[in-house]
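The listed protein sequences derive, respectively, from chains B and R.
Per the numbering used here, residue 345 is the first one in the first sequence, and the count goes up by one each step.
Per the numbering used here, residue 107 is the first one in the second sequence, and the count goes up by one each step.
Careful, some of the hints might be misleading.
To be verified - Straight-line C-alpha distance at most 30 Å; calculated DSS-like pairs for lysine-lysine:
(1) R:425 <-> R:288
(2) B:456 <-> R:425
(3) B:456 <-> R:265
(4) R:217 <-> R:421
(5) B:477 <-> B:419
(6) B:539 <-> B:526
(7) B:510 <-> B:526
(8) B:419 <-> B:407
(9) B:456 <-> B:413
(10) R:288 <-> R:427
(11) B:477 <-> R:265
(12) B:413 <-> R:288
(13) R:288 <-> B:456
(14) R:425 <-> B:477
(15) R:217 <-> B:477
(16) R:427 <-> B:419
(17) B:510 <-> R:288
(18) R:217 <-> B:419
(19) B:456 <-> B:477
Hints are computed from structural coordinates only; laboratory data are not their basis.
Computed from a predicted structure; not experimentally measured.
Chain by chain, the residues:
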Amino acid sequence: MLVVSDLRRDFDGLTAVHDLSFTVEPGEIVGMIGPNGAGKTTTFAMLAGFLTPTSGEILFQGKRINNLKPHQVCKLGLTRTFQIVQPFPDMTALENIMVGAYVRYPNTTDAKHKAMEVLERVNLLHKADTLGKNLTLIELKRLEIGKALATEPSLLLLDEVASGLKDAEVDNILVLVRQLNKEGITFLIVEHLMKVIMNLSQRVIVLDFGQMIGQGTPQEVSRNPAVLAAYLGKEEE
Amino acid sequence: MKTPLKNSSTLLALLLLMAFVLPLFAGEYLIHIGVLVLFYAYMAVAWNILGGYAGQHSLGHALFMGIGAYTSTYLFTRLGLTPWIGMWLGGALAGLTGWFVGYLCFRYGLKGPYFALVTIAMAEAAVYLVNNITAVGGAQGLEVAWTGSAPLLMQFDGKSGYYYVILVMSILAVWLSSWLIKRRFGYQLVSVRENEDAAEALGVDTLRVKIQASIISAIMTALGGTFFAQYFTYINPRNVFGEGPSIQILLFAIIGGLGTVWGPVVGALVLVPVAELSRGWLGGSFAGAHILLYGTVLVLVMLFMPNGIVGLYEKLRGKMKSYRSSNQGSEAS
């Protein structure tokens, strides 16, 4: 579904992502972890079309999407959520989601219909007429997922979708993601909360200094010496 | 995004009726004020599509007004072409210019104040350019020759003919504006204003919709420019391309309520009479007193209604709603 090979991105001499290669298979939930500055956000930005890779290749469902813009990538079925929620503050929750729904349903009646469905999915139906700026954080996080869902993605990139939430709220999100996955959406998730990664991912990719330092099941990764070193520091002293 | 007054369609019908019968009862001076209100309402509605819906604040919209005014007037005075046709040629030229300006700015990611600066520069450049083209009268401008009452040449005896022309233009503009905002295009424009990155991630071709908004707004503004030339029968580079009209157009939209369907109309409806009447009353006694008063009104509106008149109306209505529903236990914020 997604094949990333030798992906690289330089910022003025600093290499944020360095020769990164990995794949995501249809139906998977793949976690991506790594310390701050490991290149997760940069990788996400490249996959979703917000940054152009310096070199390397991104294939999504067999198509090269390196130089596509985000709206083009979205139309192909790949979209993202943002770590810092990005609602349209002066639009209602319904209107927020309709913007996404319009990608597949150009007609307003159909788009609204789709958006209502999605609102129900993310448990925001009762907030349909509330402005984006008046929603709480958990509601905004669900709205963020809802907006992306409305574009009917086959691969959804979730960027720290559970950060800043209380335990019960995190559980809510976990249930939702798992359900959506069952319905056929593939996920690539970046997350700091180990609970989320360990619970959801079938496979985990570990980045450090822009390179992949390990991958495997959550259990394998948590025993990998290189990964432990990256997270806990090397045992030299 | 909500269109206020939507439910009060009877009120709207009543206002329309009043607008249509006004010239039957009113004197020339009142009709003149009516023409000005409608003209600025029309221009503000046109500006609002790019500036309000899409949030791209053009401070040089006179560029398009000037193109419309000069194109139709040149063709009329030199070739005898009726402004009814000339206005569309001006519109086409302005649309092309709107595409160019939009492409130039948005392709290279100019936003906010930077976009505003480029639009000022473009309009100002047009002033100097036209100043130096003697074929269109240079700095002296062009005069529209009066040929007597000739509706086919957009010339009328008395003011009510002009009044009806601009009334119909305004109605069509508001209709177009309210139609656009309820469709995919409208939602996409607003999403660009609200959060461009999020809009892109949701499949909105932000570059394309901004350029389209620029083109539509430019064409509409140019059509208004033709009306301006026909009504005042005289144009020069400063009074159609200059900063004066540029600022006035957007002032009404901002005061009335940026990004709302009716805001620009309400803004013109409130401010134009204030400006005109205060000039009539105070203009003779203290030089500049009417400008002082006008300025004071602007400051007060901005101070107490940062979202414009319609914005305040919507806020109050929203408060009423949540006040009522808070009895049913929903949260107050």
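Hints versus structure:
Of the supplied pair hints, the one linking residue 425 of chain R and residue 288 of chain R holds, its CA atoms being roughly 24 Å apart against a limit of 30 Å. Annotation: proposed proximity of residue 456 of chain B to residue 425 of chain R holds, straight-line Cα distance about 25 Å (limit 30 Å). Distance restraint check for residue 456 of chain B and residue 265 of chain R: the Cα-Cα separation of roughly 46 Å exceeds the 30 Å cut-off, and the hinted pair is therefore not satisfied. Under the criterion of a C-alpha separation no larger than 30 Å, the hint pairing residue 217 of chain R with residue 421 of chain R is consistent with the structure, at around 28 Å.
Taking the CA atoms of residue 477 of chain B and residue 419 of chain B, the gap is about 27 Å. The hint holds against a cut of 30 Å. For the hint linking residue 539 of chain B to residue 526 of chain B, the alpha-carbon distance of about 20 Å falls within 30 Å, and the restraint holds. Distance hint between residue 510 of chain B and residue 526 of chain B is fulfilled; the C-alpha atoms sit about 25 Å from each other, no more than 30 Å. The suggested pairing of residue 419 of chain B with residue 407 of chain B holds, with an alpha-carbon distance near 13 Å, which does not exceed 30 Å.
Distance check on the hinted pair: residue 456 of chain B and residue 413 of chain B sit about 26 Å apart at the alpha-carbon level, within 30 Å; holds. Taken as a hint, the residue 288 of chain R and residue 427 of chain R pair is honoured in the structure, with Cα atoms around 22 Å apart against an allowance of 30 Å. Simply put, residue 477 of chain B and residue 265 of chain R have alpha-carbon atoms about 47 Å apart, too far for the 30 Å limit, and the pair is violated. Taking the CA atoms of residue 413 of chain B and residue 288 of chain R, the gap is near 26 Å; set against the 30 Å cutoff, the hint holds.
At most 30 Å may separate the alpha-carbon atoms for a hinted pair to count; residue 288 of chain R and residue 456 of chain B meet this at roughly 11 Å. For the hint linking residue 425 of chain R to residue 477 of chain B, the alpha-carbon distance of about 15 Å falls within 30 Å, and the restraint holds. Straight-line distance between C-alpha atoms of residue 217 of chain R and residue 477 of chain B comes to about 22 Å, which keeps the hinted pair within the 30 Å bound. Annotation: proposed proximity of residue 427 of chain R to residue 419 of chain B is violated, straight-line Cα distance about 38 Å (limit 30 Å).
At roughly 37 Å between alpha-carbon atoms, residue 510 of chain B and residue 288 of chain R are farther apart than 30 Å, so this suggested pair is violated. Between residue 217 of chain R and residue 419 of chain B the alpha-carbon distance is near 25 Å, which keeps this suggested pair within the 30 Å criterion. Only pairs whose Cα atoms come within 30 Å are accepted, and residue 456 of chain B paired with residue 477 of chain B is accepted, the gap being roughly 20 Å.
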